[in-house]
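Peer 1: Once you have looked at the hints, place chain R on chain U.
First to last, the sequence lines map onto chains U and R.
According to our numbering, the stretch in the first sequence is residues 170 to 327, in order.
According to our numbering, the stretch in the second sequence is residues 99 to 438, in order.
By construction, these hints were calculated from the structure, which means they are not laboratory data.
Careful: at least some of the hints might be erroneous.
Unchecked claim - Quick list of simulated restraints, FRET-style, between CB atoms:
id: 1; chain 1: R; residue 1: 184; chain 2: U; residue 2: 271; range: 13 to 21 Å
id: 2; chain 1: U; residue 1: 289; chain 2: R; residue 2: 118; range: 51 to 59 Å
id: 3; chain 1: U; residue 1: 289; chain 2: R; residue 2: 165; range: 30 to 38 Å
id: 4; chain 1: U; residue 1: 182; chain 2: R; residue 2: 101; range: 48 to 56 Å
id: 5; chain 1: R; residue 1: 170; chain 2: U; residue 2: 255; range: 21 to 29 Å
Said to hold, decoys possible - Some chain R residues well away from chain U (every beta-carbon gap over 12 Å; in silico):
id: 6; residue: 107
id: 7; residue: 133
id: 8; residue: 177
id: 9; residue: 239
id: 10; residue: 260
id: 11; residue: 267
id: 12; residue: 268
id: 13; residue: 274
id: 14; residue: 300
id: 15; residue: 307
id: 16; residue: 372
id: 17; residue: 380
id: 18; residue: 384
id: 19; residue: 433
Unchecked claim - Partner residues aside, some chain U positions facing chain R, computed with beta carbon under 8 Å:
id: 20; residue: 270
id: 21; residue: 271
id: 22; residue: 300
id: 23; residue: 301
id: 24; residue: 304
id: 25; residue: 311
id: 26; residue: 312
Quantities reported herein were computed from a predicted structural model and do not represent experimental measurements.
Beta carbons are placed, not taken as given, at the ideal position from N, Cα and C, and that holds for glycine.
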Amino acid sequence: MARTPVTFNLNGSPKAAFANPGQNLLDFLRRDVGDLTPKFGCGQGTCGACTVTINGQTQLACLVLAEAVNGQDVRTAGGLGQGATLDPLQESFMDHFAAQCGYCTPGMLVSARALLDQNPRPTRDEVIEAISGNLCRCTGYEPIITAILAVAEGRERA
Amino acid sequence: MAIHKGRGFAAINYPIGMNLGGDPSQALVHSNPDGKFTVALSAIDLGQGMKSVTRQIAAETLGVPIEDVYVDTADSDTGPHDMGSFASRGTHRMGNAVIRASEEARQVMLEAAAEELEVDAGDLVTDGKGSIHVRGAPSRSITTMAAAQAAQFRQGRTIAGRGIFLVPLSEVDPETGEMSPVTTFAHAAMLVTVEVDDETGEVAVTDMQSAYEVGRALNPKLVEQQLRGGAWMGMSHAAWETTEPYYPARDHGPEDFNTYLMPGPGDLAPHHISVLERPAADGPYGGKGPGEMCANPVLPAVVNAVYDAVGVRIDELPVTPEKVLRGIQAMGGAKPRQAL
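Chain R with its partners taken away, still in its complex shape:
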């Protein structure tokens, strides 16, 4: 009886968003009388940081400080339509919608400022610090707050913008079935090391090395946070989580957190992450979005590592001790693929 070490590799292409009904996201942006901006979205932040990223995108596009932007995702009844936060679509779809809405609002803001400064709006630039000035003449300047107040109280303008992002429908070729289901792919590669106990069938993931290509990482700390947590969830899906741990009969199925198992803080594997940035042509400032892709490569990599360690090819997830043991018994003992 022994512990067998194995390594497994997997590489994935992951589509961002989907192609159903154009996969639309809408955004509305408007300024308040204090010169700060509100972005209204109906997709919600699940904790992945969508509010932070759309706030960055809006501030960058409007040309105002990030502190001057508030992202409101309060209510899908009163907000603009959105398909939702899923399919790793948030940064890409909502981000693009926010850019368009912000561009429209920015144009009105510049027109309001131009009227106050008695110049052409096309000659105005923003400094990203709360001021608008004539290109090449920083002293000919007005604050975004003054421009917003002039628009609101003197000019009768609404500094506002609408944005939508819609994926062009891809027709299916009747002859070949060919189509373009998505506009952007993210990519990842994952190498895991496992230890398999051939007496108990238990699998421990002991190391993860990954490279994720996410377009431009619009907020690198949030990207890393998602990758780290997502890969943990992938490890959990690979070797732990199931509603049917033993047999198809659900009599023994887990009912609570005592029996629906997930790795805890004592079951972590060191995870070495490399983020590769290849900005997407149609992404907001090149961003794609990590999303579900964080978890996906871990599952096949673990399965391959178990095969490498003991020669058992698992084709049904998760890789439970029972399946590993049955596989080892069927082969008359562990058959390591290589000596590490």
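For reference, chain U alone in the conformation it holds in the complex:
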């Protein structure tokens, strides 16, 4: 099988790897690029665990062909923190106990970051809308909504 070279930006750094024909972005990121923060949940675009952004728009990595990100800007939960400095959303998720098993958390954080980047002062309904594609089995969502709103309202650190 002819493998296709894919060159793209991942969390601000240039990356290059070979993609198999038909390989989806989630599998590509996890296996070939080594970013394990997008999670495999359902593999068919219903759970949101693999949420990433491509050029600032949230996308489900399991539904995007790896080849399609050639030359694009991809961001994952792995790029939210800078070294030991966490994104305010990550701090807020911890402060508000917005994670239990943690499997949905990377996707939730990416969706929330994309929302706040486009709309720094969202309403509760806008937060709900933004995470409506991310399933969570543990928290009952309320702590997640609270954590995101806390950052939006500036009550959270930085």
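Peer 2: Relative to the frame of chain U, chain R by itself:
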């Protein structure tokens, strides 16, 4: 056609753990040469916070800072035996095992410190901040790190402890069938408000008021987290989740998250939680454990609320729109039990 409001109540007793084969949990605790402690458990943290709670329990019992304790739940092949993380048993069973293991390790730690300080181990106390000193004489002191290193490199002692918690077997009375299946019960009461659409049969939970009695809440934030998420899951079990949404034939059964439905972030009901603390006599520092009990009272409360709202008594979960509609049709229309 109208939206009918109804309220339903349920109260539960919930047994902590089970009585099969003694329901054992084991824990091993040992110190490292840096004076920090490792707790080995085979039960895992599912996200409910078991590692945090057992860490608190170990630190409290050992008398060391919580930062100095690491809980390792890595591998049930190499770790001590445990029945597992289920039946709401984690805090109670593992917590008790951790206390016993920590007590044994603490005793060796004090003996090692006593040898260094040339005093009797019975006269030593821990300050919980990383030091051990003679009772009433804080200047006669040694750090837990120095005691651990003395034990490791000079005295040839292992600062370690073993712990197991086992429920005494309860024999069944052959005449009456009476037995004591569990040692501790937790309790909960739940009041929910629903709105039932008599045209579509849809049920919306609009408010939840609860009181949970969990023994001592060893970590109140984790308790609240479990109660909030667990009650959401109870709401989901009550009115949403089923593998057979229509008929016993599985042809129409859900196959994925598009058809196996759960309430999303837009379907939440405000949940007002009261935590009541009545420390359990046999619990670790009085703890019982919220566990499955978070979800349980929601189901009967929702069923009762639907009955209150439209007079339909559902006896098979979940309360799907179809069942509600069929019930309303069988009665020739909604029969609200009371005007709210």
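Peer 1: Indicate whether the distance between the beta carbons of residue 184 (chain R) and residue 271 (chain U) respects the range 13 to 21 Å.
Peer 2: holds, 19 Å
Peer 1: Would the hint on residue 271 (chain U) be counted as holding, given a Cβ-Cβ threshold of 8 Å to chain R?
Peer 2: holds, 6 Å
Peer 1: Closest CB-CB distance from residue 372 (chain R) to chain U, is it above 12 Å?
Peer 2: With a cut-off of 12 Å, residue 372 (chain R) remains clear of chain U, as the shortest Cβ separation is near 16 Å.
Peer 1: That 48 to 56 Å hint for residue 182 (chain U) and residue 101 (chain R) (C-beta), does it hold up?
Peer 2: holds, 54 Å
Peer 1: Could you let me know if the closest chain U CB is still more than 12 Å away from the CB of residue 267 (chain R)?
Peer 2: Fine: 34 Å to the nearest Cβ keeps residue 267 (chain R) off the interface.
Peer 1: Looking only at beta-carbon atoms, does the pair residue 289 (chain U), residue 165 (chain R) fall within the given range of 30 to 38 Å?
Peer 2: At 36 Å between Cβs, range holds.
Peer 1: Classify the hint on residue 304 (chain U) as holds or violated, based on whether any CB of chain R lies nearer than 8 Å to its CB.
Peer 2: holds, 6 Å
Peer 1: Regarding the assertion that residue 107 (chain R) does not contact chain U, is the least Cβ-Cβ distance greater than 12 Å?
Peer 2: holds, 21 Å
Peer 1: Closest CB-CB distance from residue 274 (chain R) to chain U, is it above 12 Å?
Peer 2: holds, 42 Å
Peer 1: Looking at residue 307 (chain R) again, its CB stays over 12 Å from all of chain U?
Peer 2: holds, 15 Å
Peer 1: Hint says 51 to 59 Å; check whether the CB-CB distance for residue 289 (chain U) and residue 118 (chain R) agrees.
Peer 2: With Cβ atoms ~54 Å apart, the hint holds.
Peer 1: At 12 Å, judged by beta carbons, does residue 260 (chain R) keep clear of chain U as stated?
Peer 2: The assertion about residue 260 (chain R) holds, with a minimum of 30 Å to chain U.
The structure fails none of the hints (numbered hints given earlier).
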